[in-house]
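Those protein sequence lines, which keep their order, are chains L and V. For the first sequence, the UniProt record's numbering begins at 1 and goes up steadily by one. For the second sequence, the UniProt record's numbering begins at 1 and goes up steadily by one.
A few of these clues could be false.
As the list claims (entries may be wrong) - Dumping the calculated EDC-like pairs for lysine to aspartate or glutamate here, alpha-carbon to alpha-carbon at most 20 Å: (1) L:Lys-229 to L:Asp-78; (2) L:Lys-111 to L:Glu-137; (3) V:Lys-353 to L:Glu-108; (4) V:Lys-32 to L:Glu-29; (5) L:Lys-74 to V:Glu-236; (6) L:Lys-237 to L:Glu-34; (7) V:Lys-247 to L:Asp-78; (8) L:Lys-252 to L:Asp-238; (9) V:Lys-247 to L:Glu-108.
These are calculated hints, taken from the structure and not from any lab test.
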Amino acid sequence: MTQQQPILSGKNLVKRYGKVTALDHCDFELYPGEILAVIGDNGAGKSSLIKALSGAVVPDAGEVYLEGKKVNFKSPIDARHAGIETVYQTLAMSPALSIADNMFMGREIRKSGFMGKVLGQLDKKKMEAFARDKLSELGLMTIQNINQAVETLSGGQRQGVAVARAAAFGSRVIILDEPTAALGVKESRRVLELILDVRSRGTPIILISHNMPHVFEVADRIHVHRLGKRLCVIDPKDYTMSDAVAFMTGAKEAPA
Amino acid sequence: MTESQSYEDVVKDKTETHFAQFEDERKGLIGKVQHALHLNPALVPLIILVTAIGLFGMILGQRFFSPGTLTLILQQVQIVGVLAAAQTLVILTAGIDLSVGAIAVLCTVIMGQFTFRYGVPAELSLLIGLAFGGGIGAISGFLVSRVKIPPFIVTLGMWQIVLASTYLFSRNETLRSSDLRADAPALLFLGNKIQIGGANFTFGVILMILIFVALAYALRATAWGRHVYAVGDDPEAAQLAGVNVHKTLMSVYIMAGLICAVAAWVMIGRFSSVSPSASTGVIGNIQSITAVVIGGISLFGGRGSIFGAFFGALIVGVFEMGLRMAGADPQWTFLLIGMLIIGAVALDQWIRKVSS
Numbered sequence: 001m002t003q004q005q006p007i008l009s010g011k012n013l014v015k016r017y018g019k020v021t022a023l024d025h026c027d028f029e030l031y032p033g034e035i036l037a038v039i040g041d042n043g044a045g046k047s048s049l050i051k052a053l054s055g056a057v058v059p060d061a062g063e064v065y066l067e068g069k070k071v072n073f074k075s076p077i078d079a080r081h082a083g084i085e086t087v088y089q090t091l092a093m094s095p096a097l098s099i100a101d102n103m104f105m106g107r108e109i110r111k112s113g114f115m116g117k118v119l120g121q122l123d124k125k126k127m128e129a130f131a132r133d134k135l136s137e138l139g140l141m142t143i144q145n146i147n148q149a150v151e152t153l154s155g156g157q158r159q160g161v162a163v164a165r166a167a168a169f170g171s172r173v174i175i176l177d178e179p180t181a182a183l184g185v186k187e188s189r190r191v192l193e194l195i196l197d198v199r200s201r202g203t204p205i206i207l208i209s210h211n212m213p214h215v216f217e218v219a220d221r222i223h224v225h226r227l228g229k230r231l232c233v234i235d236p237k238d239y240t241m242s243d244a245v246a247f248m249t250g251a252k253e254a255p256a
Numbered sequence: 001m002t003e004s005q006s007y008e009d010v011v012k013d014k015t016e017t018h019f020a021q022f023e024d025e026r027k028g029l030i031g032k033v034q035h036a037l038h039l040n041p042a043l044v045p046l047i048i049l050v051t052a053i054g055l056f057g058m059i060l061g062q063r064f065f066s067p068g069t070l071t072l073i074l075q076q077v078q079i080v081g082v083l084a085a086a087q088t089l090v091i092l093t094a095g096i097d098l099s100v101g102a103i104a105v106l107c108t109v110i111m112g113q114f115t116f117r118y119g120v121p122a123e124l125s126l127l128i129g130l131a132f133g134g135g136i137g138a139i140s141g142f143l144v145s146r147v148k149i150p151p152f153i154v155t156l157g158m159w160q161i162v163l164a165s166t167y168l169f170s171r172n173e174t175l176r177s178s179d180l181r182a183d184a185p186a187l188l189f190l191g192n193k194i195q196i197g198g199a200n201f202t203f204g205v206i207l208m209i210l211i212f213v214a215l216a217y218a219l220r221a222t223a224w225g226r227h228v229y230a231v232g233d234d235p236e237a238a239q240l241a242g243v244n245v246h247k248t249l250m251s252v253y254i255m256a257g258l259i260c261a262v263a264a265w266v267m268i269g270r271f272s273s274v275s276p277s278a279s280t281g282v283i284g285n286i287q288s289i290t291a292v293v294i295g296g297i298s299l300f301g302g303r304g305s306i307f308g309a310f311f312g313a314l315i316v317g318v319f320e321m322g323l324r325m326a327g328a329d330p331q332w333t334f335l336l337i338g339m340l341i342i343g344a345v346a347l348d349q350w351i352r353k354v355s356s
């Protein structure tokens with residue numbers, strides 16, 4: 001697998017917040033078709049790494065490559081245009097707006113013809129139908145109530161909508177930041193199935209998680225993050241969960 | 001994985017088929033009412049408005065319930081109505097604009113003085129006034145969006161600056177009705193009226209209604225409108241979801257400034273004069289905020305319908321007119337409006353509790 005060209009990679013990424021160095025010359029590689037888990041202790045810089053890759057922060061130094069080409073994401077919108085979708089821990093949804101509105105936030109479909117081009121009218125029917133399709137494709141909903149406000153949904157349901165949004169639009173890479181952290185056992189299972197489902201369609205996934213059983217269950221490789229940089233990448237089949245925890249907390253020397 | 005590590009397998013085998021179905025779990029009449037209000041936040045002010053008109057109609061009879069009186073109310077609220085439209089946009093983004101009235105008065109002075117002092121054709125002066133309105137909005141928008149000063153502070157400062165500029169620029173002169181009529185009829189255009197039976201619709205009233213309809217369309221049916229709501233709801237989430245928050249905020253403040261300049265044109269038509277000491281400069285902001293709040297638009301942003309602001313402005317107008325006709329002390333109007341404001345915000349808090 002390592003012979004392949006990485007689909008998304010970072011080289012020497014540096015990000016400082018005042019005196020805090022969140023990313024310290026960090027490298028990163030994601031290969032086509034895999035689920036790469038990123039684990040690390042709190043404050044290790046996982047979120048900063050993900051934000052640098054998804055355009056939410058601009059790194060102070062270092063480069064990001066997508067399919068071998070250098071990219072400069074100035075905002076999440078740039079990354080999205082390049083086919084990288086991120087599900088943030090906060091989900092990035094507007095609670096008062098409907099499911100359909102949220103799925104299409106920032107990429108609304110306009111009507112064709114005069115109403116759409118001149119008056120900018122949205123094609124709500126088309127957007128709702130698409131949202132409904134995507135949600136039921138992932139087994140996420142019964143067809144009514146696509147216009148329900150997101151705030152009326154439970155945590156798991158919101159997570160489901162957010163993952164569906166990423167799966168629907170993420171053509172190259174999907175990044176999931178702690179997708180199961182706020183969920184119950186059953187709902188977590190469903191999201192994990194969703195993740196495997198998305199990978200089976202060929203889209204590589206970056207999964208940030210604290211939940212070792214979940215990581216070891218779905219990940220193909222595990223990127224261990226420590227003190228702002230990549231400590232090592234391990235194969236979940238070769239190590240146990242306690243090994244992984246030992247690496248990320250520094251209790252055990254990392255493999256070469 | 002070892003036995004101890006696969007503790008979740010129990011649920012894995014049993015595939016959950018009913019994971020995330022969106023059922024309406026809230027039951028009972030109160031739940032339904034809350035849900036209806038959540039979907040149509042302008043419903044409450046509409047009900048209050050209709051009830052108020054009905055009550056005053058019953059008490060005062062034909063005197064109140066005539067086309068003449070009812071359209072007179074529209075004329076009396078047209079300025080506040082237009083300002084409330086501008087205020088709504090800003091409040092939907094979780095901001096507040098204390099400078100709307102002051103911008104309107106400054107624009108009346110600009111429109112008037114450019115025509116009379118500099119001899120600019122009145123039509124062109126109107127455009128210059130609109131440009132000034134939009135420009136002031138752009139400055140406020142920039143300070144809010146880029147410099148990250150809270151909207152309350154930005155517009156509190158802008159209010160004073162604009163009000164002072166108005167006096168300085170106008171040299172405290174008032175342009176009289178007779179001069180305007182003779183030399184700049186374009187400035188008075190919105191004071192013209194159409195009579196249908198006993199009803200009088202001034203062009204200003206019609207323009208106000210058109211502004212509300214146009215904004216309602218833009219907020220409901222365009223991407224821009226959805227972005228305004230999203231930014232007001234949670235700017236960080238909107239940014240991450242791919243909304244250009246800066247552009248949205250700038251467009252909102254510029255639009256609000258432009259609408260204030262339109263309010264200026266409406267003002268000249270309504271008062272047939274241009275005075276730097278028009279009371280709108282001092283109380284226009286509070287009046288517009290009152291209309292917006294009574295209209296059920298959340299001060300926390302992202303919630304509410306712009307028609308609510310229209311109904312809110314009308315409610316104030318109906319109370320003022322009705323109580324005056326009934327011979328009540330005008331203080332009763334303020335007392336009732338005060339109660340409505342508190343009631344409306346209490347209701348908003350209740351509606352927002354849908355998810356709990």
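**Request:** Against the structure, test the hints numbered earlier, and report the numbers of the ones violated in rising order.
**Result:** 1, 2, 3, 4
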